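Chemist: Those protein sequence lines, which keep their order, are chains A and B.
Using numbering that gives the first Met the number 0, the letters of the first sequence map in sequence onto residues 0 to 91.
Using numbering that gives the first Met the number 0, the letters of the second sequence map in sequence onto residues 0 to 477.
No lab work stands behind these hints, which were simulated from the structure alone.
The structure displayed is predicted, hence computed values, not measured ones.
Heads up, the beta-carbon is just placed ideally off N, CA and C, and yes, glycines get one too.
A hint or two may mislead.
[As the list claims (entries may be wrong)] So these bits of chain A aren't anywhere near chain B, every CB distance computed over 12 Å:
#1 Thr1
#2 Gln53
#3 Ala73
[Unchecked claim] Listed next, with one range per pair, are the computed distances between beta-carbon atoms:
#4 B:Ala444 - A:Ala25: 42 to 52 Å
#5 B:Val441 - A:Ala24: 44 to 54 Å
#6 A:Asp56 - B:Ala189: 14 to 24 Å
#7 B:Gln48 - A:His60: 39 to 49 Å
#8 A:Val71 - B:Val196: 22 to 32 Å
#9 B:Arg23 - A:Leu27: 32 to 42 Å
#10 B:Gly58 - A:Asp56: 44 to 54 Å
#11 B:Ala193 - A:Ser14: 25 to 35 Å
#12 A:Gln88 - B:Pro216: 56 to 66 Å
#13 B:Pro216 - A:Pro2: 32 to 42 Å
#14 B:Leu37 - A:Ala24: 46 to 56 Å
#15 A:Gln88 - B:Leu15: 30 to 40 Å
#16 A:Asp56 - B:Phe424: 25 to 35 Å
#17 B:Val441 - A:Ala25: 47 to 57 Å
[Stated by the list, open to error] To give a feel for the contact side, a few chain A residues facing chain B, derived at Cβ under 8 Å:
#18 Val63
#19 Gly66
#20 Val69
#21 Ala77
#22 Leu78
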Amino acid sequence: MTPLLYAGAGIALFSLGLWGFLVQAALLRKLIAFNIMGSGVFHLLIAIAERGEQPPDPVPHALVLTGIVVAVSATALALAMGRQLGEEQEHE
Amino acid sequence: MSSLALAVTLPLLGALLATLWPGRAQPLGLAASLLTALASAWVIAEVWQAGALRLELGGWSAPLGIALVADGFSAAFLGLSALVALGSGLYASTYFSTREMQARFWPLWLLLWAALNALFLAGDFFNLYVTLELLGLTAAALGALGATPEALRANLRYLLIGLLGSLTYLLGVTLIYIAHGTLDLALVGAAITAGPVDATALALMTLGLALKAALFPLHGWLAPAHANAPAPVSAALSALVVKAAFYLIARLWLDVFAPLITPWAASLMGLLGAGAVLWGSWRALRAEQLKVLAAYSTVAQIGALCLFLPLLQGLPAGAAREQLVAALVLMALTHGLAKSGLFLAAGLVQRAAGHDRIAELGGTAQRLPATTFTLGLAGAALIGLPPSGAFIGKWLLIEAALERGQWWWVVVLALGTLLSAAYVFRVLSRAFNQDPTPGRFVSEARTELPALLLALLATAGLGLASAPLWRLLGVAPS
Numbered sequence: 000m001t002p003l004l005y006a007g008a009g010i011a012l013f014s015l016g017l018w019g020f021l022v023q024a025a026l027l028r029k030l031i032a033f034n035i036m037g038s039g040v041f042h043l044l045i046a047i048a049e050r051g052e053q054p055p056d057p058v059p060h061a062l063v064l065t066g067i068v069v070a071v072s073a074t075a076l077a078l079a080m081g082r083q084l085g086e087e088q089e090h091e
Numbered sequence: 000m001s002s003l004a005l006a007v008t009l010p011l012l013g014a015l016l017a018t019l020w021p022g023r024a025q026p027l028g029l030a031a032s033l034l035t036a037l038a039s040a041w042v043i044a045e046v047w048q049a050g051a052l053r054l055e056l057g058g059w060s061a062p063l064g065i066a067l068v069a070d071g072f073s074a075a076f077l078g079l080s081a082l083v084a085l086g087s088g089l090y091a092s093t094y095f096s097t098r099e100m101q102a103r104f105w106p107l108w109l110l111l112w113a114a115l116n117a118l119f120l121a122g123d124f125f126n127l128y129v130t131l132e133l134l135g136l137t138a139a140a141l142g143a144l145g146a147t148p149e150a151l152r153a154n155l156r157y158l159l160i161g162l163l164g165s166l167t168y169l170l171g172v173t174l175i176y177i178a179h180g181t182l183d184l185a186l187v188g189a190a191i192t193a194g195p196v197d198a199t200a201l202a203l204m205t206l207g208l209a210l211k212a213a214l215f216p217l218h219g220w221l222a223p224a225h226a227n228a229p230a231p232v233s234a235a236l237s238a239l240v241v242k243a244a245f246y247l248i249a250r251l252w253l254d255v256f257a258p259l260i261t262p263w264a265a266s267l268m269g270l271l272g273a274g275a276v277l278w279g280s281w282r283a284l285r286a287e288q289l290k291v292l293a294a295y296s297t298v299a300q301i302g303a304l305c306l307f308l309p310l311l312q313g314l315p316a317g318a319a320r321e322q323l324v325a326a327l328v329l330m331a332l333t334h335g336l337a338k339s340g341l342f343l344a345a346g347l348v349q350r351a352a353g354h355d356r357i358a359e360l361g362g363t364a365q366r367l368p369a370t371t372f373t374l375g376l377a378g379a380a381l382i383g384l385p386p387s388g389a390f391i392g393k394w395l396l397i398e399a400a401l402e403r404g405q406w407w408w409v410v411v412l413a414l415g416t417l418l419s420a421a422y423v424f425r426v427l428s429r430a431f432n433q434d435p436t437p438g439r440f441v442s443e444a445r446t447e448l449p450a451l452l453l454a455l456l457a458t459a460g461l462g463l464a465s466a467p468l469w470r471l472l473g474v475a476p477s
């Protein structure tokens, strides 16, 4: 039951993030929504790591760690590009 | 040291060195490019002789370890990347004249190449996710190198859409892991069952990849992002990055998930492809700028490649299927080479004339004869005139469509071909006027020759010498 609860929460987070990503226009809001979507997927991965086995499956943990690194770099790049765009627009 | 590992580590090492010594970025970048191309050639030579290769990284075997694999299909795309990246890199070494731009360009360029090679050689779903993300990040950063507000805005949008695509793909990967407990492509392929989990996983992954491949109707981001990037970057984005996402779609649909594909699903992909061919070609015809034309023509090309999916669905393994897959690869390679040549030439026109408005191209043929010749050659390959590789590809596609009684794809292809002829000749007709013809064919060898060679390879090289490609893919020539 518990894994199902976590997995369901993961799917809910993903959908919520997706909705925000599509609806919000501001870059910062879009990025927060993107990170919520990512958290949803990570949630799902953590939930399936514990499938009644002891010890829990380590592979999904490794995937989540890699995923976090990727999400952080992507957020950083998008923020950097957004800031430069803001500066360019100020010059105009 | 295995050739597979070298094809990924050499560009990565080059990117690292170019970051550490920004003053020497250009010589380091060119040297790393040459070495990477040699490593790719080595992989191709090994596949040519021994067939499929597999390398278990660190000695850990699947399901826990990560493998690099190469077969004829991936080797062909590895070769395309090497040719386009080498040609565009050489062009970029003159195109970016300041040290500062060179120091920004080369690390990203080599990272992009590393991501491409790793994607073509990846043997498991999660590695593919990482390479897709690396590709999306470097591609958006490269596209924004010009730092104009338009380029920044277009590439920020490209980055965000790419991220949306990768997360959707990752959700599909998670479902695969839930269902099969492994991420290895070969192991999952053997365990595929026609259930709802696998079908949902495939749908999610395809949706994510379709966003990245700019498959109609998800193509809105492509034209501004590709048209506003610097010319050598546009060449790589259009010829390689979009093709890499399509490569993965083809790998999933034709190989890993093949037993799962229903006629309806394949027809839907064909229908989207048909929409892309017609809409992309139409927008290319209506485009006012040469680079926008080239970008919309990419949308149409991806569509044309999708037309193969309904024809390959349910086709049993054997000579007919292998022939058609080879035709698909041949068409993708021809389009990649032709499109990179076209974008490089468009960049030269833009630099010489100060703009790339098609209506005001008059006299380009007189000022830049080699570049106009490149435009013509690339155009011939895009239309699919003989002897280009696209001609053979289209011929085999039409043959298969008629044999399988799906004649409507032939109509789409014919309309697409007519439209592409119209947009190519619209450019060429403007390029000529009555100015006196100059004595020099080539005005700047280091930028004009790579573009010309890529277009020439697309038109003459691949068409006349397609037999080696057939052999690489392990198909008997017809």
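Chemist: A separate judgement is required for each hint: does it hold in the structure or not?
Modeler: Verification of the supplied hints:
1. Every beta carbon of chain B lies more than 12 Å from that of Thr1 (chain A), the smallest distance being close to 16 Å; the non-interface claim holds.
2. At roughly 16 Å from the closest C-beta of chain B, the C-beta of Gln53 (chain A) stays outside 12 Å, upholding its exclusion from the interface.
3. Taking the minimum C-beta to C-beta distance to chain B, about 5 Å, the non-interface status of Ala73 (chain A) is violated against the 12 Å cut.
4. Taking 42 to 52 Å as the suggested C-beta distance range, the pair Ala444 (chain B) and Ala25 (chain A) conforms, at roughly 48 Å.
5. The hint said 44 to 54 Å for the Cβ distance between Val441 (chain B) and Ala24 (chain A), and at roughly 48 Å that hint holds.
6. Roughly 20 Å separates the CB atoms of Asp56 (chain A) and Ala189 (chain B), a value that falls within the hinted 14 to 24 Å.
7. Restraint check, Gln48 (chain B) to His60 (chain A): a C-beta distance of roughly 40 Å satisfies the suggested window 39 to 49 Å.
8. Distance hint check: the CB atoms of Val71 (chain A) and Val196 (chain B) are about 30 Å apart, consistent with the given range 22 to 32 Å.
9. For Arg23 (chain B) paired with Leu27 (chain A), a C-beta distance near 38 Å keeps the hint of 32 to 42 Å intact.
10. As the Cβ distance of Gly58 (chain B) to Asp56 (chain A) is approximately 21 Å, the hint placing it in 44 to 54 Å is violated.
11. In this structure the supplied range 25 to 35 Å holds for Ala193 (chain B) paired with Ser14 (chain A), their Cβ-Cβ distance being about 26 Å.
12. Between Gln88 (chain A) and Pro216 (chain B) the CB atoms are about 30 Å apart, so this pair departs from the stated range of 56 to 66 Å.
13. Roughly 37 Å separates the CB atoms of Pro216 (chain B) and Pro2 (chain A), a value that falls within the hinted 32 to 42 Å.
14. The given range of 46 to 56 Å is respected by Leu37 (chain B) and Ala24 (chain A), whose C-beta atoms sit roughly 48 Å from each other.
15. Against the hinted window of 30 to 40 Å, the Cβ-Cβ separation of Gln88 (chain A) and Leu15 (chain B) comes to about 34 Å, which satisfies the hint.
16. For the pair Asp56 (chain A) and Phe424 (chain B), the supplied restraint of 25 to 35 Å is violated, since their beta-carbon distance comes to about 60 Å.
17. One distance hint, 47 to 57 Å for the beta-carbon pair Val441 (chain B) and Ala25 (chain A), holds here, with the actual separation near 50 Å.
18. For Val63 (chain A), the suggested interface contact is broken, since its CB lies about 10 Å from the closest CB of chain B, more than 8 Å.
19. Residue-level restraint check for Gly66 (chain A) holds (minimum Cβ-Cβ distance to chain B is 7 Å; threshold 8 Å).
20. The interface hint given for Val69 (chain A) holds, since its Cβ lies 5 Å from the closest Cβ of chain B, which is under the 8 Å cut-off.
21. For Ala77 (chain A), the shortest C-beta to C-beta distance to chain B is roughly 6 Å, which falls under 8 Å, so the interface hint holds.
22. With a least beta-carbon distance of about 10 Å to chain B, the hint placing Leu78 (chain A) at the interface is violated under the 8 Å criterion.
The structure is inconsistent with the numbered hints 3, 10, 12, 16, 18 and 22, although it conforms to all the rest.
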